[in-house]
Amino acid sequence: MAEIRAEMVANVWKVLVSEGDRVDDGDTLVILESMKMEIPVLAESPGTVTKLYVAEGDVVQEDELIAEIG
Amino acid sequence: MFSSVLIANRGEIARRVIRTARRMGIKAIAVYSDADQSLPYVHEADEAVYIGESAPAQSYLDSVLLIDVARKSGAAAVHPGYGFLAESPGFAQAVINAGLTWIGPDPSAIEQMGDKIRARNLMAAAGVPVAPGSAAPVADAEAAVEEASRIGYPVMVKAAAGGGGIGMSAAFDDDALRSAFDTARSRAERFFGSPEILLERYVPHARHVEVQILGLADGRVIALGERDCSVQRRHQKVAEETPSPGVSAPLRSRMLSAAVLAGEAVGYRGAGTVECLVDTETGDFMFLEMNTRLQVEHPVTELVTGIDLVEQQFLIAAGEPVTFDASVPVDSSGHALELRVYAEDPKRFLPSPGPITEWSEPSGPGIRVDSGYAAGTTVTLFYDPLLAKLCAHGATRAEALSLARSAVADFRVAGLKTNLPFHAELLDNPEFVSGDYDTGLVSRMRQP
Chain S
1 MAEIRAEMVA NVWKVLVSEG DRVDDGDTLV ILESMKMEIP VLAESPGTVT KLYVAEGDVV
61 QEDELIAEIG
Chain U
1001 MFSSVLIANR GEIARRVIRT ARRMGIKAIA VYSDADQSLP YVHEADEAVY IGESAPAQSY
1061 LDSVLLIDVA RKSGAAAVHP GYGFLAESPG FAQAVINAGL TWIGPDPSAI EQMGDKIRAR
1121 NLMAAAGVPV APGSAAPVAD AEAAVEEASR IGYPVMVKAA AGGGGIGMSA AFDDDALRSA
1181 FDTARSRAER FFGSPEILLE RYVPHARHVE VQILGLADGR VIALGERDCS VQRRHQKVAE
1241 ETPSPGVSAP LRSRMLSAAV LAGEAVGYRG AGTVECLVDT ETGDFMFLEM NTRLQVEHPV
1301 TELVTGIDLV EQQFLIAAGE PVTFDASVPV DSSGHALELR VYAEDPKRFL PSPGPITEWS
1361 EPSGPGIRVD SGYAAGTTVT LFYDPLLAKL CAHGATRAEA LSLARSAVAD FRVAGLKTNL
1421 PFHAELLDNP EFVSGDYDTG LVSRMRQP
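Top line first, the protein sequences correspond to chains S and U. Heads up: the first sequence begins at 1 in the working numbering, then just goes up one per residue. Heads up: the second sequence begins at 1001 in the working numbering, then just goes up one per residue.
These are computed hints drawn from the structure, not numbers from a lab. Misleading hints may appear alongside valid ones.
Unchecked claim - No farther apart than 27 Å at their CA atoms in a straight line, the calculated lysine-lysine pairs in the BS3-like style are these: (1) K1417/U to K14/S; (2) K1417/U to K1347/U; (3) K1072/U to K1027/U; (4) K1027/U to K14/S; (5) K14/S to K36/S; (6) K14/S to K51/S; (7) K36/S to K1072/U; (8) K36/S to K1027/U.
Claimed, not checked - Partial selection, computed: residues in chain S whose CB lies under 10 Å from chain U: (9) E7; (10) L16; (11) E19; (12) V23; (13) G26; (14) S34; (15) M35; (16) K36; (17) I39; (18) L42; (19) L65; (20) E68.
What the hints assert, rightly or not - Computed beta-carbon distance windows for the label pairs: (21) D21/S to A1409/U: 36 to 44 Å; (22) M1/S to T1357/U: 30 to 38 Å; (23) K51/S to R1022/U: 34 to 42 Å; (24) D21/S to L1065/U: 53 to 61 Å; (25) D21/S to R1446/U: 31 to 39 Å.
Model, not experiment: these values are computed from the prediction. Even glycine gets a Cβ: it sits at the ideal position worked out from N, Cα and C.
Hey, can you work out the whole structure from these sequences and the hints?
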């Protein structure tokens, strides 16, 4: 299982997947926004989104869990 | 001269404008959002007014609110800084309609230059060189492919109302162009509220060189030299210098004349910047866009000319003459460099907001720091990552680089990541040190 975490304090701008979705390595899961920059968060391995911890409009802290890919 | 000014901005530029206003005896009125209440500019202003929530739409971008605050605080003028509402013709007009002095060009000049397609057409008609590109908005991806076959690959895809490099990308073939077009369009709608897209011939090896102009109260337009802004990441500037090591005396003279023509074509008044690309292979230059406001990197021009550009903005807006003899070319002395200190990691340049636990700026002869933060303040995710502008002024380029190296080493910031280590690396990079570099420099520094 892979944990996907936020690299910085950011606003969750878009959530592009739902729990149960199949994803490939490199697929964009969510798009964060911080300091006028969009930061896509990618899957680092193929699998299924087993848990999604964020919704659009949330603020995530550095190192906070965004999703789990199993 | 008016007695008071409201600064419709935040951070380092608000602080910069406050400094000159107070020196001139103009009462400086600052505005601040929740996130900014403890920043230095709020305390340094003669008066500071709370304007709302941290999200820019609820504070610094709310023009109705800002005009209301300006009226109630008794401000006689409004200085917009850069970004936010600085290039909004509607805001400029609203300031004028409220009976206040707008410190900037006429709203019609902002409007004409704000649309990149219209600006290109206008410049071409005025005799300013422009790159081959769109004379009208490109409707969709297929129209873009057709347009690209006329212009010739590679092409740059841009938002007509855009700025700051957002949504901009180069395409080398039809497939890449279709995808670049879609990205540019969605970003253009989201960030600039206009879906209009243009294509322009992409110049693979180019320097980004801009000319500072001033449109005087008597109608004359003058040029105050150039700035080289080729050190960029994600099409955004990281370091600037003047004079440009890549511009010969004859090229400088042609660029300055063209910039004056550009300003004259729109009846420009106040401080503005004509941005150009210089093709390093052919030596040709072409108009990119005009920024109708004070530029972030204006300090390097101030350092070599000894002219306070904010002071000239105030004087011109008040209908008064500038502080120097504008009938002869302005003297320039030495070489100046600006390093933008960003809250971002120095390797991948990703944003790094957070609290500042330690902040100690370098100082000494030839060093100038324009900063927006201090120890105990917090950098939030709501605004751009600019923390400070570290400038060095030496008799020669080598001296300016050497001063900058010591200053970077002496700048102590803790609590969040900054790009100071990147600047240390840049100042020792052989390509940068040689002066023979182009806009691809930072990407080459980060190639795996």
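- Should the hint that D21/S and R1446/U are 31 to 39 Å apart at their CB atoms be regarded as holding? This hint holds: roughly 32 Å between Cβ atoms.
Within 27 Å, alpha carbon to alpha carbon, are K1417/U and K1347/U?
Given pair K1417/U, K1347/U holds - Cα atoms ~10 Å apart, limit 27 Å.
- Query: Within a Cα-Cα threshold of 27 Å, do K14/S and K36/S meet the stated pairing?
  - Reply: holds (14 Å)
- Task: Verify the interface restraint on E68/S: the C-beta must sit less than 10 Å from at least one C-beta of chain U.
- Result: Not OK, violated: E68/S not within 10 Å of chain U, min 22 Å.
Does S34/S pass the interface hint, meaning its C-beta sits closer than 10 Å to a C-beta of chain U?
-> Since chain U brings a Cβ to about 4 Å from S34/S, closer than 10 Å, the hint holds.
Take a quick look at whether K14/S and K51/S sit within 27 Å of each other, Cα to Cα. Distance ~16 Å between K14/S and K51/S Cα, so the pair holds.
Check your understanding: How about L65/S: closest beta carbon in chain U under 10 Å, or not?
Key -> violated (18 Å)
Interface hint for E7/S, Cβ within 10 Å of any Cβ on chain U: OK, holds: E7/S within 10 Å of chain U, min 6 Å.
The hint names L42/S as touching chain U; please verify it with the least Cβ-Cβ distance against 10 Å. violated (13 Å)
Q) Are the Cα atoms of K1417/U and K14/S separated by 27 Å or less? A) Judged against 27 Å, a Cα distance of about 25 Å means the pair holds.
- When the least beta-carbon distance from M35/S to chain U is tested against 10 Å, hint result: holds (4 Å)
(Q) Restraint: G26/S near chain U, CB-CB cut 10 Å. Satisfied or not? (A) For G26/S, the interface hint is violated, since the closest Cβ of chain U sits about 15 Å away, which is over 10 Å.
Hint compliance for this structure: hints 4, 7, 8, 10, 11, 12, 13, 18, 19, 20, 21, 23, 24 are broken, all remaining hints hold.
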